[in-house]
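Undergrad: Following the hints, put chain B in place on chain A, whose structure we already have.
Order-wise, the sequence lines are chains A and B.
Counting in my numbering, the first sequence tops out at residue 266, every number present.
Counting in my numbering, the second sequence tops out at residue 398, every number present.
Please note: incorrect hints may appear among the correct ones.
Just the calculated beta-carbon pair ranges, DEER-fashion [unchecked claim]:
{"id": "1", "chain 1": "A", "residue 1": "129", "chain 2": "B", "residue 2": "379", "range": "54 to 60 Å"}
{"id": "2", "chain 1": "A", "residue 1": "46", "chain 2": "B", "residue 2": "267", "range": "35 to 41 Å"}
{"id": "3", "chain 1": "B", "residue 1": "363", "chain 2": "A", "residue 2": "47", "range": "34 to 40 Å"}
{"id": "4", "chain 1": "A", "residue 1": "-2", "chain 2": "B", "residue 2": "101", "range": "32 to 38 Å"}
{"id": "5", "chain 1": "A", "residue 1": "37", "chain 2": "B", "residue 2": "214", "range": "30 to 36 Å"}
{"id": "6", "chain 1": "A", "residue 1": "4", "chain 2": "B", "residue 2": "71", "range": "27 to 33 Å"}
{"id": "7", "chain 1": "A", "residue 1": "81", "chain 2": "B", "residue 2": "172", "range": "25 to 31 Å"}
{"id": "8", "chain 1": "B", "residue 1": "100", "chain 2": "A", "residue 2": "210", "range": "53 to 59 Å"}
{"id": "9", "chain 1": "B", "residue 1": "108", "chain 2": "A", "residue 2": "48", "range": "55 to 61 Å"}
{"id": "10", "chain 1": "A", "residue 1": "48", "chain 2": "B", "residue 2": "242", "range": "21 to 27 Å"}
From the derived model, a few chain A residues whose C-beta atoms are all more than 10 Å from chain B [said to hold, decoys possible]:
{"id": "11", "residue": "5"}
{"id": "12", "residue": "15"}
{"id": "13", "residue": "28"}
{"id": "14", "residue": "30"}
{"id": "15", "residue": "62"}
{"id": "16", "residue": "65"}
{"id": "17", "residue": "81"}
{"id": "18", "residue": "129"}
{"id": "19", "residue": "179"}
{"id": "20", "residue": "202"}
These are computed hints drawn from the structure, not numbers from a lab.
Yeah, the Cβ is synthetic: ideal placement off N, Cα and C, and Gly gets one too.
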Amino acid sequence: MRASEAVPPLDTLVEIETPEHIVFRHRIAGPTRRLLALLLDLLICYAVVIAVALVVLVVTAAGSISVGDEVGGFFKAGLGLTLILLFLAQWGYFFVFEGLTGRTPGKRVLALRVLTVHGRPIGFGAAALRNLVRAADSLPSAYVLGALVMSLSPRFQRLGDLVAGTIVVVDQEVKVARPVVLSPPAHPQEVEGLPEHVTLDADERAAIELFLRRQDTLGPARADELARMIAPQLAARYQAAAYSPARLLALLYDRASHAGRNEGPVSSRNRAHSGGGASWR
Amino acid sequence: MAIASHVNENAFCERRQRDWEELDVMVLRASRMGVKKLDTDAILRFSPLYRDICADLARAQAARYSAPLVDYLQGLAAAAHTVLYGLPSRTRHLGDQPFRNLVYAFPRAVRRHRRALLLAACLFFIPFAAGLALALHDPTFAFRLAPEGMLKPLAEAYAKGFEEGRANGDNAMMAGFYIHNNVGIALRCFALGILGGLGSALYLLQNGLAIGAIVGYVASKGAGQNILTFIVGHGSLELGAIVIAGGAGLVLGYSLVSPGEKTRLASLQAAGREVVVLVAGASVMLMMAAGIEAFWSGSSVPTLVKRITGATIFVLLGLYLTLAGRASRAPSPRESR
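Pulled out of the complex, with its shape left as it was, chain A reads as follows (with noise of 0.2 Å):
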């Protein structure tokens, strides 16, 4: 592990530096989430394994009534095949999905993938460690001694993960924002008073985002209140007090969106990690 001198930060989010420097954070899944798909993942497997079974016991015994046959010889072969049924359920089903797709039918339906610390691909040797590991795991029983360690763990780890060398994030849906547009717009009055220049800093920027892109889930005087929490300052700088605090934001932001970069003054709380808040010069 590398060590870094900035203290990380307190989050579920891991960080993997990749061959062309880029950093990508995966979110890594927290219990309730892999809770939910293990519940999921037995549900299905189980509901198979039975459904099967059925179909088995029930032609086998059919066939062995056929035949005349009191022993029940075929019924019995057909007992033998649900028990091998209930081991592929127990042993195989978790080591034959993560180890194919990394992830399970469970995992896919929550949005989880297991990767290996790296971010890479898990492959069968990680998938038949981490999966065996889970007898251990579930130790006295319903996963106590796992809980126990995932607590312990800063990336949410059971032992299988941490035997295997695996971790657990949520998928990153690739899906394209709406930008934010100015509505209604900009009035050629409106912004006579604001300057031709607007810089805005990386924590300034994503704060008036967040506030503009929820602005229509919140009532006016709740967006006022937040509004007021950084207009203010804001005015100030740009001696636009004239304006609605809300309004003042979106026309700041759209004004230094539109301005190509927002180099500004770097922000005084201290960006401990350097993902994207680095100056790039």
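TA: Relative to chain A, chain B alone:
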């Protein structure tokens, strides 16, 4: 860079959007059907597109473009990274003779960990001998380890001998039972090794004692020859596999207790990679044993044939584990000793 840095966000998106969408489609297809299903043109396009999006991401971050854009690029780059830096081809590390190398990997791992396996064998066979001796001396001792209701019919069944054989349906049922039960025991025996090796050790001790006591009880009822004939066919595979799985668990536990110069975590992970082949081999051995135990050991084949076959399997297994893969010994990169 100087020019690019003055491009505003919308213009930047407009100019690059088409490439992003192209990559997005490819990533989606590759993650659904595997990268091998992409056609040649797509594969040729993939790598430059990925490099471009890495540059775009860096540019967007440096230029402080809006968060959703950066997130989008990051998500797309991460997804493309997962496709591009996927596993090395599953067979590449096995060389040009994958099957042969797999067959050799197991005995090599067994020999590499012979001390742990020897310890596991002691942990299993000493209690086995003790259980055997105690049950021969006092048959009721076995009742403490297995229910009386199970042991009595067992002894009677063995006393009858194998002249009648077993029905085929029973054989198939028992094969399922042996796979479900015995392979499960071996896998659990390995997994619990992560508790400092204690889990595996206890499992080995307990199983050794119980199996010894059961054999001793049956023998004390006068069916000793018969149970020996029954066990001899599959015993070397079955008991050997349990010892190997338990030994793998001990290696795992020992790596935690005594990590040497590595961190405990690194030591555990290295040991895990080492022993997974032992567990896989042990599972295969147990499945073979299940087949023999179900369809051969209880059959009406003459005793002498069974014993000769059992001895042959024992010798072959011993030769395989001690000699296979020695001559063309390729130094494995994971070999640390």
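Undergrad: Each hint: holds or not?
TA: Now for the hints, and whether the structure bears them out:
Roughly 42 Å separates the CB atoms of residue 129 of chain A and residue 379 of chain B, a value that falls outside the hinted 54 to 60 Å. For residue 46 of chain A paired with residue 267 of chain B, a C-beta distance near 37 Å keeps the hint of 35 to 41 Å intact. Range check, residue 363 of chain B to residue 47 of chain A: Cβ separation about 37 Å, and the 34 to 40 Å hint holds. One distance hint, 32 to 38 Å for the beta-carbon pair residue -2 of chain A and residue 101 of chain B, holds here, with the actual separation near 37 Å.
A C-beta distance of roughly 31 Å is found between residue 37 of chain A and residue 214 of chain B, which places it inside the suggested range of 30 to 36 Å. In this structure the supplied range 27 to 33 Å holds for residue 4 of chain A paired with residue 71 of chain B, their Cβ-Cβ distance being about 31 Å. For residue 81 of chain A and residue 172 of chain B, the Cβ-Cβ distance of about 30 Å falls inside the hinted range of 25 to 31 Å, so the restraint holds. With their beta carbons about 56 Å apart, residue 100 of chain B and residue 210 of chain A fall inside the hinted range of 53 to 59 Å.
Remark: the range hint 55 to 61 Å for residue 108 of chain B to residue 48 of chain A is upheld by a beta-carbon distance near 57 Å. For residue 48 of chain A paired with residue 242 of chain B, a C-beta distance near 25 Å keeps the hint of 21 to 27 Å intact. For residue 5 of chain A, the condition that its CB be more than 10 Å from all CB atoms of chain B is violated, with the nearest at approximately 4 Å. Taking the minimum C-beta to C-beta distance to chain B, about 19 Å, the non-interface status of residue 15 of chain A holds against the 10 Å cut.
The claim that residue 28 of chain A lies off the interface holds: its Cβ sits roughly 21 Å from the closest Cβ of chain B, which is beyond the 10 Å cut-off. With a minimum CB-CB distance of about 15 Å to chain B, residue 30 of chain A clears the 10 Å threshold, and the non-interface call stands. Not every C-beta of chain B lies more than 10 Å from that of residue 62 of chain A, the closest at about 4 Å, which undercuts listing it as non-interface. Taking the minimum C-beta to C-beta distance to chain B, about 3 Å, the non-interface status of residue 65 of chain A is violated against the 10 Å cut.
Non-interface status of residue 81 of chain A relative to chain B is upheld: no Cβ of that chain comes within 10 Å, the nearest being about 14 Å off. Every CB of chain B is more than 10 Å from the CB of residue 129 of chain A (nearest about 13 Å), matching its label as outside the interface. Taking the minimum C-beta to C-beta distance to chain B, about 17 Å, the non-interface status of residue 179 of chain A holds against the 10 Å cut. Remark: the non-interface label on residue 202 of chain A is consistent with the geometry, its nearest Cβ contact in chain B lying 16 Å away (cut-off 10 Å).
Violation of the numbered hints given earlier is confined to hints 1, 11, 15 and 16; the remaining hints are satisfied by the structure.
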